[in-house]
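Peer 1: Modelling step: build the complete structure from the supplied sequences, incorporating the hints.
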Amino acid sequence: MSELIIAALFGLLGGSIRALMGILKHYKVNKKEKFKLTYLLITLVISALIGAVTSTSLTTNHLINLVIGYAGIDFLESIVKLTIKK
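Here this note's numbering is used: the first residue of the sequence shown is 1431, the next is one more, and so on.
Don't read these hints as lab results, they were simulated from the structure. Please read these numbers as outputs of a predicted model, since none were measured by experiment. One or more hints might be untrue.
As the list claims (entries may be wrong) - Simulated crosslink set (EDC-like; lysine to aspartate or glutamate; CA at most 20 Å straight-line):
1. Lys1464 x Glu1433
2. Lys1466 x Glu1433
3. Lys1466 x Glu1507
4. Lys1511 x Glu1463
5. Lys1455 x Glu1507
6. Lys1515 x Glu1463
7. Lys1458 x Asp1504
8. Lys1515 x Asp1504
9. Lys1511 x Glu1433
Peer 2: This is the structure in structure tokens:
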């Protein structure tokens, strides 16, 4: 169980790094648009889940979980944006 928690934390860290990059981009590009805290929190929860799931199913390497937490949420965000545009 503790391995799952560690994996979730690394996924959360990866998602947090991704969220930080998104925040910086948001303020650099969309200065007038209001920042959505709810969206950030949902992103962080999902990235933690991605990290936990990948640890139990794909790998036990925490560095890879960190990368998957970062890239996984970016992938899901792109899918959502494409779906909304349609």
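Peer 1: Compare the structure with each hint and give your call.
Peer 2: Hint check results:
Using a Cα cut-off of 20 Å, the hinted pair Lys1464 and Glu1433 is violated, with the two alpha carbons roughly 38 Å apart. Our distance criterion of 20 Å between C-alpha atoms is broken by Lys1466 and Glu1433, whose separation comes to about 32 Å. Only pairs whose Cα atoms come within 20 Å are accepted, and Lys1466 paired with Glu1507 is accepted, the gap being roughly 14 Å. The straight-line distance between the Cα atoms of Lys1511 and Glu1463 is roughly 17 Å, inside the 20 Å bound, and the hint therefore holds.
A C-alpha spacing of about 15 Å is found between Lys1455 and Glu1507, which places the hinted pair at or below 20 Å, so the restraint holds. The hinted pair formed by Lys1515 and Glu1463 meets the criterion: a straight-line CA distance of about 18 Å does not exceed 20 Å. Distance hint between Lys1458 and Asp1504 is fulfilled; the C-alpha atoms sit about 19 Å from each other, no more than 20 Å. Using a Cα cut-off of 20 Å, the hinted pair Lys1515 and Asp1504 holds, with the two alpha carbons roughly 17 Å apart.
With a C-alpha separation of about 33 Å, the suggested pairing of Lys1511 with Glu1433 is violated against the 20 Å cut-off.
When each numbered hint is compared with the structure, violations occur for hints 1, 2 and 9.
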